[in-house]
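Trainee: For reference, the chains in residue letters:
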Amino acid sequence: MNALPALVLLPILGGGVAWVAGRIRPVPTPASRDAAWWVVLATLVMETLLLALVTFGHQPHAGPWLAHFSMPWLPAMGIAVRLDMDGLSLSLIWLSLVLCFPCVFLSTRQVTVNAGAFHFLFLATLTGVIGTFLATDLFLFFFFWELMLVPMFVLIATWGHEDRQRAAMTFFMFTQGSGLLMLVSILGLVMAHYRTTGVLTFDYVTLSRTPLSPALSMLLMVGFFMAFAVKLPVVPVHVWLPAAHTQAPTAASVLLAGILLKTGGYGMIRFNVMLFPDAASRFAPIAMGLGVAGILYGAWLSFAQDDVKRLIAYSSVSHMGFVLLGIFCGSRMGMQGAIMQMLAHGLSTAALFLIAGAIQDRLHTRDMRRIGGLWAAMPRLSSAGVFFAVAALGMPGLGNFTGEFLVLLAAWHVSPPLATVAAAGLVPAAMYALRMVNRIFLAAPRAGLRPGPDLPARQMAVLACVMALVVMLGLYPQPFMTFSLPLPVADMTGGEDGAP
Amino acid sequence: MHALALLAAGITVMGAIMVITRRVAVHAVLYLVVTLLALSVVLVMLGASFAAMLEVIIYAGAIMVLFIFVIMMLNLGQPDSQREKEWLRPRAWLGPGVLAAIVCMELLYCASPLSGPARLPVPITAHDVGLSLFGRYVLMVELVSFLLLAGLVTAFHIGRHREGGH
Amino acid sequence: MATFLIPLLVLCPLAASLIIFISTGRMGARGVGTVACAGVGMAAVLSIIVSVILLSGPATGEVQVTLWPWMHVAGFSADIAFMLDRISLVMILVVTIVGLLIHVYAAGYMQDDPGIARFFGCMTLFVAAMLVLVLASDLLCLFIGWEGVGLCSYLLIGFWYDDPANTAAARKAFYMTRVGDVALLCGLLLLATTTGSLRTGAVLAAVTNGQVSASGVSMAAFFILAGALAKSAQVPFQAWLPDAMAGPTPTSALIHAATMVTAGVYLIARLHDLFAMAAPVMALTAVLGTLTLLVGGCAALVQSDLKRILAWSTISQVGYMFLALGCGVWQAALFHLMTHAFFKALLFLAAGAVIMRARHEQDIFRLGGLRHAMPGLTVAFVAGASALAGLPLVTAGFYSKEMILSGVWHVRFGLTRDWSVTGHPLWAMALLGAFLTALYIFRCVFIVFFGKPGTVAAGRTSRLMTIPLGCLCILSLFGGVIEMPDTLPSLHLFSALLDPATPLSHADEPVWLVLAGAIVPLAGLALAWMLWGRPSSVMHGARTGGGLDARHDRLAIWQHIPDRASTAAGGLMRAASVRVFTIRAGFLDMLARWGGSIGDRGALLLDRLHNGRMRWYAAWIAGGLCVALAVAVLS
Amino acid sequence: MPAFSFNDTLVLAATMFSVGLAGVLVRRNMVFMLMSLDIMLNAAALVFVAAGARWHDATGQVMFVLILALAAVETAVGLAIILRLHAHGRPTLDADAGNLLEG
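Chains as they are written, first to last, in my numbering: chain V, 1 to 500; chain U, 1001 to 1166; chain E, 2001 to 2635; chain Z, 3001 to 3103.
Errors might be hidden in some of the hints.
[Claimed, not checked] Short, incomplete list of chain V residues facing chain E, as computed with Cβ under 10 Å:
1) Pro64
2) Leu66
3) Phe172
4) Thr206
5) Met333
6) Ala377
7) Val386
8) Met395
9) Gly397
10) Thr402
11) Leu406
12) Leu409
13) Arg446
14) Leu449
[What the hints assert, rightly or not] Residues from chain E that keep clear of chain Z, each with C-beta distances beyond 12 Å, as calculated:
15) Met2001
16) Met2356
17) Leu2391
18) Thr2422
19) Ser2462
20) Ala2516
21) Ala2619
22) Ala2622
These are calculated hints, taken from the structure and not from any lab test.
None of these values were measured; they are calculated from a predicted model.
Backbone N, C-alpha and C fix where the C-beta goes; we use that ideal spot for every residue, glycine too.
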C-alpha cells in the first residue's frame, strides 16, 4: 500500500483509538488518561517510522516527486485524491512531527478533563496539516485546509484559558473567511481552465499550465494570497493571532505556532509563487512591503506586551514577516531562506510556548509583571527559556539567523533600502527578547510568588533535543537546505496516472 | 356591463364590506351567506352553472351553516359586541385599510391590460367538468380526499377534549 | 599540523563552557574555576604552539582550515572556516594570555559568589566567541563570533540580576552594539551581493581588482566602520561602556578592556585593504577617533567612580587605535591594542582587588590613602597607571603611543584628488589627549592611594589574585620594547612580525617628535601632583580639586548627551509602543466590537418583528405583495 | 345570457380580495378573520372560474371544486381551534393574545 495515504490517515485513526481509550473507564482515573496519552505516543512513533520509510526508501515509480499517490475521487468533476510529496512538504511534515513529540511529552500530560477527546483533536489537526502539505489536488487541498481548522477551534474553545470563546471565534472567523476567498479563486482557476481547454480538472499540475490573462491571474493569485496571508499572519490581518495564541492551551498554541503558521508559508510557495509566477512577480513589491511592515510592527508590538504568550505571538508575526519577504524575493536563495526561517521559527517559537505553558502551569499566570525572576527557583526552565529567546532574536549560529540572513541577502539583491529596513528589524527583535528574559528569567525573584518545581529531567532532555536541532539548523543547515527545496513546476510532469 | 351582472357584482361587494364591518358575529355570517349567493349568480353568468350550484349547496349551505352553528355555541353576548366596537375604532382599521386599498389599486391596475373582447361565454356543463375531474385530475381528487380526511381528524381531535379542558 | 590545532583552539573554551553549564552547580566553586582556567589555559598553550609553527614558516604564510560548508546557495556560499595569519596570531595571543590571567584572578575574586558556575560558563563562552571572531576567515563566521561576544557581554554585565539597574545596563549595552551589528550586517550583505562569497581573501581581492564599484566600497566601509564604532563604544555609541561597569570586575577587565572593545579595531585592521580604497571613510575614522579620545579624556577627568574612570579611559585609548586606523597605520593600532590590553587589564584587576578589600566602596573620594594598607596593589596600580599615561622609556604604553603619534604625523589624507591635508592637527589633539590621560589617571592614583586615609581596608588579596597582577605588571612595563621608535635604536620587531612587506621606519623623523611624546605625560603627572598630590591642595576640599574639576564638569556635560539620548530613545520607544498598542488595540478591537454591536442591534430589531401576532404577519405579507406588484408593474 | 367579460370578473375578484384582506387585517376576532379569509378564497375561486370560461377549459371549475374542499377543511379546523380557545377560558378570542404558543 502506498505510504502517503497511510501517512495522512494514521494520526486521525490514532486519535480515534485515543478517544476510545480515554472513554473506556467512565471516571477519568490517571490510568485512563495515560492510556490515551500512550496511544498518542504510539501513533506518533509509527507516523515517524512511516515518514522515515518514505524519506529514505525512495519509491521508483513516483516520477519527479519523492512519493506519489493518486486515486479518482469524483471523476465527473475531475477531482482526484492526489497526494504528492516533494522536498518542501517532506521537510515541513518532519517539522510537524518533531514538534509533536515535545508537545506530547511536556504539555498534553497535564490535560485532565476528557483527555481522550483532547488527544483526538490534537491528532486530527495533525492529519489536517499533513494532508495540506501533501495534497496536490486543489479540492483536496481546500478540504484539508478546512479540516485542520475545526479541531483547532474546538481545542481553543474548550481547553483554552479565560477569554477562550472570543479568541476561538476570531480565529475561526478570520481563517474560514479567507479560506472561502481561496475557494473562489480555486473555482475561478478551474473554470478558466475548463473554458480554455474544455477539461474539467482540479489537478495542480495541469492547472499550473492554464493560459491566463494577466488581470485574471493577478486576481486569482490575490485570492489565494489572502487566505495564506491570514494564516501566515501578514500584518493587517494578523489580529486573530495574539488572542488565539494567548488563550489556547499549551499543546494547541504549540501546534498553532509551530505548524499551522507554516501551512500559510507553504501555501504561498506552492500556490502563489509557483502557480502564478508572473502575477507573483508583479505582486512582489506589495508583498515585500507587507513583509517588512510585519517585521517592524510585530517586533514593536511585542516590545509593549506584558503577557508572555502574547509577546511570543507578536514575535512570530515579526518572524513570519521575514518568510513573506523571502518568498516574494523571486530568487531561489530567498525561497530557501524563507523555508529555513520557517523551520527555525517552528522549533524556537514552539519551545518558547512550551516554556510559557510550563510557567503558566506552575505559577497560574502569564502576566510578566507578576512572574518575577525564575532563575533562582527553576534554573533548567530558565536556561532553556534564555536559550530559545536568544534563538528568537536571531543569534548567528542558531537557526533563525540562517533563515534571516538568506532572506536579507535575497532582498538586498532586489532592493538594498528595503533590505536595510528589514535588517533594522533585528534591533527591536533583540529588545523584546531581552526584555522578556530580564523580566521573567534573569530578574529578582518575586517575594509573594511560591515557585513550583523545576522541569523534570525527562522534559529537559526533550527540550535539549530541540536545542540541539536549533543549533544544527544554525551551524550545519546545508542538508536541510538542499533537501527542502520545492520541486519546480517546470519538471512537474505529474505522475503517469495523473488525474483524467 | 349588463344590468343583472352589475346588480350581482354590487351585491357581492356590498355584502363583503358589510361582513367585515359588522360588530355582531351572526349579522356578519348572514351577510357572508348573501355574498356567496350573489357570487353564485355571477358564476352562472360566467357559464359555470355546475360551479354555481356547488357554491350554493356546499359553500353557502354547508360551511356557512357550520359557521352559524359555531357562533351560536360561542353565545357571544353584549360584552363581546361592545369589545368589537372598541376594537373597531379608526386607529385600529386605518392602517390595514390603507394597505388593503393599495393592494386593490395595484390589482386593478394590473388587471386593466387583460381586457379582451366580451365574447359570449360558452357554458361549460357539469359533463365537461366531470370528464376532466376524473380524467386528467384523478390523482388530485385522491389528494383532496386526503386533505379532507386530515381536516376531519384534526377537527375531531381538537374538539374532543372540550369538557376535559386541561 | 596547525590545521588540526586551530579548531581545537576554539573548542577548548567552548567545551569548558558546556561542561560548566551542563553541570549546573554540581561542581563546587573551586571545580568550576579550575575547569574554566584549564579551558582557557589549554587555548593559551595551543595558541603559543601554533604561533611558533606559524613564525617558523614562510614570512607571509597563513594557515587556512575549512571545517564544513555552512550555506551553499545559488549565488552565495559561506563556510565555517578559520584562518591564522599574523594579525589573528597577535589577537589570539592577547585574548588567550590576558584571558587566562583574568580567569585565574576571577577564580579567586568570585569564589564566594553563588552564581559562579553561570559566571565562568559565560566567561569561557566569551573567550570561545572571541576566538571564533578573531580566527574566522569567512566574514559571516566572524559575525557569529561578533554577536556571540555581544551576547556574552550582555549576560555578564547583567550577572547580578537582582538589581534592575544592572540588567538595564546590560540591555542597553546589547541594544547599542546590536545597532552596530545591523550596520555591519548591511555591510556584509552589500559585499556578499557584489562578490558572491564572504571569504576575507575573496572580498579583499574583489575590492582591490575593482570588481566592486567605488561607491560600493565606500558604502561597505562605512557600514563596517559603524559596526566597529558601536562594538568599540566610540563617540556616537559610547554611552553603554560606562554603564557596563555594573558587571563584575573581571568581566570589565576581560570584555570591556582587553578584548571585546578591540574587536572593532581588529575588524578594520583585518580589512585595511578595503578601507584604504575608501579615503573619506578613513578620514572619518581618524576624526571620530580623535573626538573619542578627547571626550574620553575629559569625561574620565571628572568621574568619581574608580571603575568608571577606567571605562572612560578605555574609550579614550580605543579612540587612539581608531585614530591610528584612520591614518592607515594599522600596525600601530594593533600594537597599542596589545599594550593597552596588558595595562588596562592590570588596572581593572587592581581596582577590583582594591574595591573588594575596601568592602565594595567604589567612590575614589571615600577610598583615600590606601598605600599603607595595600602596598602591593599600590605598586600594581601605579605601574598600570604609568603605562596608561605612557611615561617615557620605562612603560609599554609609551612605545605604542609613540608609534601612533609618528604614524599620525606622517599621514596625508587625500580626501579629494587635489585637496589633501596632513595629519598635524590630529597629531596635536592626540598629544593633548596624552596629556589628559596622564592627568586623569594620576589624579585617581593620588586621590585613592596618596590622599588622607578614608576607609579602613580589610583582609588580604588572595594569592590567586596577586599572580596575574604580577604578570600583567611585567607585561605592561616591559611589553613595549619590541617596537622602538627610530630615533632610539630602531627595533621594529612587532611591525616586522605583523607585516614584513612594508617597513615602518621613517628615517627622516625629527627628534623633537619623540621628545614631545615623552615630555607631555610627565607634564600631566606634574600637574596632577600639583593639584591632587601635594597635601596642601587636598586640604581645601578634595572634590573641587583646585577648581580644575569644576571647569571640566562643563566640558564633560556633553559627553552625557548620547547617554541621555539613548535612555530617552528607549523610554520613547516604550511609551510609543504602549500608545500604539493601545491605539492598535483601540482601532482594530473597536472594529471588531463595532461589527459585533451591529449584529446585536440588528438581531434586536428583527426580534421585535416576530411578536407572534398573526395579523402582524398578515400585514407584512400584504406589504410584501404590494412591493412585489409594484416592482412587477413598474419594471 | 348577458356577457360578463373576463376583465370585469377580474375587477370584481380584486375588490373582493382586498375587502377580504382588509377584514383579516382589521378584525381582531378570529371568527371575523375566518370569514374574511373565506371571502378572499371565493375571490380566488372566482378568478379560476372566469379564466376557465374565458379560454373554455373545464380546469377552471375543477380548481373551483378544490378550493371549495380547501375552504371546507380550513373552516372546520379554524372553528375547532376557536371552540377550543373559547372553551379554554379565553373569551376575547383575541388573535393577538394567542401568541405565546403554549397549549
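Trainee: Run every hint past the structure and note whether it holds.
Mentor: Here's how the hints hold up against the structure:
no., hint, in the structure
1, Pro64, "violated, 19 Å"
2, Leu66, "violated, 21 Å"
3, Phe172, "violated, 13 Å"
4, Thr206, "violated, 28 Å"
5, Met333, "holds, 5 Å"
6, Ala377, "violated, 13 Å"
7, Val386, "holds, 8 Å"
8, Met395, "holds, 6 Å"
9, Gly397, "holds, 4 Å"
10, Thr402, "holds, 6 Å"
11, Leu406, "holds, 6 Å"
12, Leu409, "holds, 6 Å"
13, Arg446, "violated, 12 Å"
14, Leu449, "violated, 15 Å"
15, Met2001, "holds, 98 Å"
16, Met2356, "holds, 88 Å"
17, Leu2391, "holds, 107 Å"
18, Thr2422, "holds, 104 Å"
19, Ser2462, "holds, 93 Å"
20, Ala2516, "holds, 109 Å"
21, Ala2619, "violated, 6 Å"
22, Ala2622, "violated, 6 Å"
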